[in-house]
Amino acid sequence: MASTSIQWSEIVADPRFQALHRKKQSFLSGLMIFSVFFYFLLPIGAAYFPALYSIKVWGPINVGILFALSQFVVAWGIAFYYSKRANAEFDAMARELIVDFEKKVKV
Amino acid sequence: MSSLSSRTKAFTLVGVAAIALTALPALAQGAVSPNYRWLTFAVFAAIIGVTMYVTFVAAKRVKTASDFYTAGGGVSGLQNGWAIAGDYLSAASFLGIAGLISQFGYDGFMYSVGWLVAYITVLLVIAEPCRNIGKYTLADILAYRNDPKKTRIVGALSTITVSTFYLTAQMVGGGVLVKTLIGIDYEISVITVGVLMLAYVLFGGMVATTWVQIIKAVLLVIASIVLVVLVWAPYGFSLPAFLQDVVGDPKVQARVAGLLGEASKNMTPQELGQRFLEPGLLFKAPIDQISLGMALVFGTAGLPHILMRFFTVPTAQDARKSVIWAMAIIGGFYVLTLFLGFGAAKHVGPAAIAAVDPGGNMAGPLLAQYLGGGADSMLGNFMLAFVAAVAFATIVAVVAGLVLAAASAMAHDLYVGVIREGHVTPQEQVRAARIATVIVGAMAITIGIAAKGQNVAHLVALAFAVAASANFPCVLLTLYWRKCNTGGIVAGMVVGTLLAVGLVLVSPNMTYPKAVRGAAEKVLAADGPKRAAAEADIASGDAAKVANAQKTIGALDRAATKAKGDIERVKGENTSLVGLEAPLFGLRNPGLISIPLGFLAVILGSLFYRDKRADDMWEELYARQNTGILASRAAAH
Chain A
1 MASTSIQWSE
11 IVADPRFQAL
21 HRKKQSFLSG
31 LMIFSVFFYF
41 LLPIGAAYFP
51 ALYSIKVWGP
61 INVGILFALS
71 QFVVAWGIAF
81 YYSKRANAEF
91 DAMARELIVD
101 FEKKVKV
Chain B
1 MSSLSSRTKA
11 FTLVGVAAIA
21 LTALPALAQG
31 AVSPNYRWLT
41 FAVFAAIIGV
51 TMYVTFVAAK
61 RVKTASDFYT
71 AGGGVSGLQN
81 GWAIAGDYLS
91 AASFLGIAGL
101 ISQFGYDGFM
111 YSVGWLVAYI
121 TVLLVIAEPC
131 RNIGKYTLAD
141 ILAYRNDPKK
151 TRIVGALSTI
161 TVSTFYLTAQ
171 MVGGGVLVKT
181 LIGIDYEISV
191 ITVGVLMLAY
201 VLFGGMVATT
211 WVQIIKAVLL
221 VIASIVLVVL
231 VWAPYGFSLP
241 AFLQDVVGDP
251 KVQARVAGLL
261 GEASKNMTPQ
271 ELGQRFLEPG
281 LLFKAPIDQI
291 SLGMALVFGT
301 AGLPHILMRF
311 FTVPTAQDAR
321 KSVIWAMAII
331 GGFYVLTLFL
341 GFGAAKHVGP
351 AAIAAVDPGG
361 NMAGPLLAQY
371 LGGGADSMLG
381 NFMLAFVAAV
391 AFATIVAVVA
401 GLVLAAASAM
411 AHDLYVGVIR
421 EGHVTPQEQV
431 RAARIATVIV
441 GAMAITIGIA
451 AKGQNVAHLV
461 ALAFAVAASA
471 NFPCVLLTLY
481 WRKCNTGGIV
491 AGMVVGTLLA
501 VGLVLVSPNM
511 TYPKAVRGAA
521 EKVLAADGPK
531 RAAAEADIAS
541 GDAAKVANAQ
551 KTIGALDRAA
561 TKAKGDIERV
571 KGENTSLVGL
581 EAPLFGLRNP
591 GLISIPLGFL
601 AVILGSLFYR
611 DKRADDMWEE
621 LYARQNTGIL
631 ASRAAAH
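Protein chains in written order, with the working numbering: chain A, 1 to 107; chain B, 1 to 637.
Hints may contain errors.
Quick list of the computed label-pair ranges, beta carbon to beta carbon [unchecked claim]:
id: 1; chain 1: B; residue 1: E421; chain 2: A; residue 2: L66; range: 50 to 60 Å
id: 2; chain 1: B; residue 1: W481; chain 2: A; residue 2: Y48; range: 30 to 40 Å
id: 3; chain 1: B; residue 1: V578; chain 2: A; residue 2: Y48; range: 45 to 55 Å
id: 4; chain 1: A; residue 1: Q7; chain 2: B; residue 2: V438; range: 44 to 54 Å
id: 5; chain 1: B; residue 1: L379; chain 2: A; residue 2: Y48; range: 27 to 37 Å
To be clear, the hints were calculated from the coordinates, so they are not data collected in a lab.
Predicted model, so just to flag it, every value in this text is computed and none were measured.
We put the beta carbon where it would ideally sit given N, CA and C, even for glycine.
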């Protein structure tokens, strides 16, 4: 890792890097907190609100089963949402920095 | 060993396959009936043959350490997604969760959710940064900005610890499973699993391991889809109609009545069946559930054999794509498990499943047999054979990934990084990797045989707890927190690991002879009155009562035998493994306590330690982990 000749502090100070960093950080921490919170609602609800879980909605299907199934849908939704945003936005921002970097360092 | 000619390799692989197959006829009684055992062996032989061929082809491509550890970084996102699913869905997922659903209904399904949600953490904060700065191992990430020697030592030790716990559970669980399924002796099945796995890893490295995991995951998904279509099609693929039939089944209703005991006295059969779809039949202590959930959600992102998979893809985009695929496959599989579990409860019955294996692990295989036409039919036995062979492939594929992770920590981190300080030739690196593989493989077989009959189920939870309490805080904070340094990493690894292991040693997971004896004596004391009542019923001559009473006496006999066995087992002992009469700590999983303290240890360790290198390297690490600058060079480096 020939890092001595590379001015990493310049890259980090680059406004485009700062913008990427800010966007990613708030987006990722928001999603992370939401997903953890939503997941723990399931066992906590099962323990303290069993009557709610037992309410029948559609034939024998009750709130508990729908809530557990919704966990799958939400997990997939978060994954889809994140990858869409990362593919469209974060990758392009990072790409610019990489191109600039490669011009300067001539790899 | 790296100089072996391809012909020698081919001969060795054919030899291993032959040993594996000749080992099979050492049989006792299993779920597969003796008349149809040849079918199981034919399916086994086909799977072993295909994977051996793949290994032979892969062996030609494994020349450097990078080939051996990471398949040269040339795996695609889609391939890696399937391989992650193959690496992650162990026999515990495949057979265990369907079993839990068949025995406890809703709680079993709820249990599966955490195993999928775990991948959100992997996707959002771990996979891409690790791809951008990592090389072969978890310790590579820690060594990037911290003192390489110290962090490699703690990182490698923790990798070996986590992998060994997981490995022991897989070897023992796998041995028992193969024995239950087809009746092969426990020792022979452990050795067969070990030898096959060694052949894959030793000759084919990560290339063969990846393909074995992909093949296994594809087989697993195909088997599950076929079973679910057969279970669900009669109901026109309507979920309410299917569940209505499950809750209306007398076998299911009897199971719920048995679980609830006295509390079920005034419930109608319909209410009993419906109760199967409500929480609380398995999990009584919510705090345990939350603690286990934390270990799953944060531990998966710290599992070395899962992290290692992200070094096999060329870019962060491929790492992202592989997690998305893995989540689709793993989540889809757990949804299918819902049908397998409830289908087995309806068609086979909870009691019949538990009679073959008390843990419920045989729910899936027995359902397959039923759907094919039952125990005496050719198709039924073919389907059972297929599911049994998939279970076997599952164990081998997971074990291969674990052995590769432990061997890389031993060879790449400890030998090459710490002992030789990086001064090794490429040939020496590959040789070290192969020698370490043989050591870990031999260790896995030895532990597997030595731990025969031990209750190892909690070891998987312990592996997750250590990964969540030690590995996860260290990796996360070195990637995202500027002030993190060598002091924090060493403190976090040591505190996280010791706390997780220590708390389990004093937890209710251990065997407490006094409690075991007390419970067994209670069962025996209650035996007399219950037996007398049942005998009175038989004497009465009322047909309905007689049938019921005979069942009761059968159950009493089994309970009494078990209680006597328990008393015999703890004879002369008064304290647990660490000398306790009763648990000091109430939680079965330590995550709730050990994860926050693991984070605290990294934070305090970092604040009380001066480390110029960690500070100087921060900008480089942070720029690279966010953008992927130089990532392809790191992979080729």
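Open item on the list: When the structure is checked against the list of hints, which entries are broken? Sort them ascending.
Closed with: 3, 5
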